[in-house]
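S.K.: Protein sequence lines, in the order shown, are assigned to chains H, X and U. Add 4 to the 1-based position in the first sequence for the working numbering, that's all there is to it. Add 4 to the 1-based position in the second sequence for the working numbering, that's all there is to it. Add 13 to the 1-based position in the third sequence for the working numbering, that's all there is to it.
Here are the computed distance ranges between Cβ atoms for each label pair: (1) 381(X) with 207(U): 53 to 61 Å; (2) 117(H) with 210(X): 40 to 48 Å; (3) 67(H) with 93(X): 50 to 58 Å; (4) 407(X) with 117(H): 41 to 49 Å; (5) 68(H) with 75(U): 53 to 61 Å; (6) 359(X) with 75(U): 31 to 39 Å.
Sample of chain X residues lacking proximity to chain U, with all beta carbon distances greater than 12 Å (derived): (7) 181; (8) 302; (9) 498.
I should point out that these hints are in silico values taken from the structure, not numbers from a laboratory. Where a beta carbon is used, it is the ideal one built from N, C-alpha and C, also for glycine.
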Amino acid sequence: MSQYILRRFLQMIPTVLIITVAVFWMLKLAPGDPLDLLLAGNPDISAEHVEHIKKLYGYDRPIYEQYGRWLWQVVQGNLGYSRIYHRPVLSIIPDRLLNTLVLTGSSLLLSLLIAIPIGVYTALRQYSLLDYLFSFLSFFGIAMPVFWFGLILILLLSVQLKLLPPGGHYSLEQDVGIFTVLRYSIMPVIVLSLFSMASWMRYMRSGMLEVIHEDYVRTARAKGLAEGRVVVRHALKNALIPMVTLIALSIPGLISGAVLTETIFSWPGMGRLIYDSLINNDFNIAMAVFLIFAFLVALFNLAADILYAFIDPRVVYT
Amino acid sequence: MKRYSVWMAILIFSLVIVGCVAAAPAGEMMEDEGPKVLVVGTSQEPENVFVMWGSTRTGSDVMSFMWRKPISFGGDNQPFAEILESLPSQADGTWVVDEEAGTMQVTYKFRQGLKWSDGEEITVHDLAMAFEITSDPNYIYYSESFPVESIEVVDDYTAILHYKGINLFPDQEVRTHVIPEHVYRPLWEEAKAKGGNVWENFGNIEQVAIKPVVNGPYMLEEWVPGSHIRLVRNPHFNVGEEPSIDEVLYRIIPDLNSLAVSVASGQVHLTDGWLSLEQANAMESAPEVDPIFVPALWLEHATIQVNRPPLSDKLVRQAVLTAIDRDGINEALFKGQQPPAHSWINSAHPAYNPDVRQYNYDPDEALRLLAEAGYTPNADGQLADSDGNLLEIPIITISGDRTREQVSALVQAQWQEIGITTEVKPVSARLLFSETLFDPPNFEGIAIWRWVFNARVEPRGFWYPGESAAQLDQLFAEGNTWAENERNKELIDMIDAELDQEKRYALLQEQQAIWAEELPVLPIYWHVRVATVNTALEGYQPADQAMVGWNVETWELE
Amino acid sequence: MASELIQEQQTRTYWQDVWQRLRRHRVALAALIVFGLIILYSTAGPLFSSYSVSKTDLRSRLIAPSSEHYFGTDELGRDIALRIMVGGRVSLFVGFSVSLVSLLIGVLIGSTSGYFGGHLDSVLMRFTDIMLSIPSLPLLLILSRYGGGSVLSIILILSVFSWMGLARIVRGTILSIKQRDFVEAARMTGARNGRIVVRHILPSTLAPVIVNATLTLGFAIIAESSLSYLGLGVQPPTPTWGQMLIGAQQFMETAPWLALIPGLFLFVTLLCINFLGDGLRDALDPKMTLQN
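The following block holds chain H by itself, in its conformation from the complex (with noise of 0.2 Å):
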């Protein structure tokens, strides 16, 4: 097993290299760089000084040479600055990051805990109103744009009952408690989480739908073994099988995905962190938090891997 993980761990270096590759092309061949800006909005400058500016932050030099260079620095620990923050790239990932795993961890945590129960019981009933209630709420939360149901949500909430703050990140307050955080956030969470929400309930009906027509579930039904055993002990442990894999899979998504969740609450995550590094050619911003994301997939492939095996005793590896 340990050598299996070695292995795999292994493997995740090329894949993170030819990530990073791809990135650095597709954002240094992208038109527009950050110093024609600054010469459009400045007609006393140059197209000599701008020039000399470009040489001397490397802008010149062919493509492999400056990812050659930047990769080098990275190996070195070095990330660089940013070019909007001003200043280390490592001091600004991990508050943002921080920011983002309060938000969608939350909500998967929320999204799990409302969907699998509502999974269940529509996979238990099925057909029966209920669950087509529940289909009906699930495809509700599939079928409405973010950005339109946070707005609404702040209109009501924020606007009319004046309950919650319409967006901002509990920093804006000087002394933070449970409350503050649980203040700022709720509507984000909620927001985020009605997506996935709808997706787990969907993947849990399904996958409780497989297994309790499968053989051992009516072996232990006819063993005349208590309803709620069999559904929790036969039928829903395998059922989560696949589900752990698929949670595990998408962290890496939910840690990005959060950019229109992000922009309607004001909230400083990682998902406005790489729209911002991209939109205001913030290179080496956008470099770090590929980097790590690509760490993240290949991190998450694995523990999804590795947690299978841990859940399913019928898998071997070699």
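With chain H held as given, fit chains X and U onto it using these hints.
M.R.: Relative to chain H, chains X and U alone:
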């Protein structure tokens, strides 16, 4: 199976309870008698708060709370001496022009006893320090055409600026900044010693970009990227009165709808220049928010491909402008607040020429002009020249700007009405400024964007072919009627040498008349800057030339 | 000859079966009808409209729904009903195209991988895994810098990120049926690889592929609206439902129908697509008969 329903009900119920409990303290906190915090909303994050380095609008807005300049502009759009004892003038001999040599020198005297936020005194050495950085090719905005030759320090409070040429406005702007020399000299030397990209070395120092030593009423306490900037009082501030507001909290709210909601719900006291006219007008339903519309010298205009047919023909330019219902656009979209532009100078400015040729909406006149230029309707009602080539004018617009999209759609519809073949092509600002406009061979039709003028109305950087700003330079440099207009160049040379304001205005008026006849760009409308102020805030006095926080010391927050 | 005939007959009964099951799934049937009506409305509607999409009319702006403009007009005096139709054409075109393109890519990669196996399989699946788990939104952001917001570029960008699920499903199904008798038999009789895949294997993977393509259609429509929200979607003046909805947000108080109508169309369409996908899943899966 009932048990599941019960469990679920309990779960959902408990979540609701948690939600309510968490929401409850919201009301109490607001009434808390804490420090007075002014909340300012912006949708864009500044890049730095170092006075020599402002490139974004939020940047300069935040800096207006942190930095004070030798000369500032007030709510009446007029300059006043702030760090200076008085404005230089030719009358008292502090501004001496040597017409023969074509140079001049200006004496600036600083007020004594003014303090930086670290308690050190502000002196003219701080002016010389900024000049030293400005004249270094490593400086990011370095320019060989910088007008100041050298600075002569007479004593701690007196400096003489030697200008390379004759510059008309030393009483409106000291061309260099003021930064504390005792703080920044060692840092600058250190950055230079490091070698390589010196400006990057310097700019990445926390004390430069993020927490500078300042001379304004507030200094930066905390900057959480992506969330907010917290400014607290500068304990040593003595350039002006002591402010009554304890903290200024700049909140970064990227979504404009969210920003509008935050303003309407009283979470944000002040926004300046971010919300649209539409959003500000919708504030009627929020009684505690006052929208303010500040007239500005921002010209919404269309840059044109003047070097190739069809727009190389002056008549076509005049015709297509006549075919735009600019008054209609103003009434419909802007409630009459953003009037059509007839010249590149605003009608509120004393140099404005009210008698320039105006192109009021008249489709028949437009058709007549186009017929004169050789374009007549073909069988399908499309305008075409005698060879059957359609009159085709694409409209390029910056994507992501709602108002600009609307205006472009209206221009498109009105042009189509009279038979011009046209379509709207949205491009990103990045693309427009880096490729489209810089690449005249590939630029077709018109590009709609905004120009920000200065109250000093200096025509050279815009309208002098061969010397205008980068985007126009390429367009105007080739052979076209605008570049060939000798009188225009002559007038601009004269305007730049004329020290008498009245005579200068007269020359500007003549130049405007030529401009309006030639139409090197199509003027569309004058912007207003839209601000929203919560009634809890008093004393906010915006003006086109004044910075947001120019008089923050006198603001009161209930 | 005879065997082919039998197979054809089987196919027909299978489809009749599917139709029977779908008909019993009343919600899915209703969704199919409503979705069909929306498609019809968007595609055929403009032919009967007396307005033109780019025609603005400053004298009749922000008119509430009335007999003349039954969905009202927008802030430039354009007929919203017509913009809904044209926007619908664009949104649905984006949806269907992404669905189709990702279907082609997915089936191609999935079937190649599953059928040939070996090294090709592991390379392709490794690639699929990477694509599947790379957070797509940041990459969408980078790619959209190249496209410039044209409909075609949006379709390409979205397709690149939506074929992976399909590829996996197709591969899985093929792996499981590759060993079955009729494929082996075909191979024995000397049929070429391409023929085996097209004639024997692909039909068996049809069920999951159709369901997945339906859901991709929904995904593409909502993804386009999300890109529009970030300013990176299809650019105005070309309308899409998502873009109309976003533009209308600042008129929420003064002219709520501006947001309500495109919002409703977007919402109902997605609802229909998902119900339809759900119904199809049940209807296409032969196992389901056992459960009913």
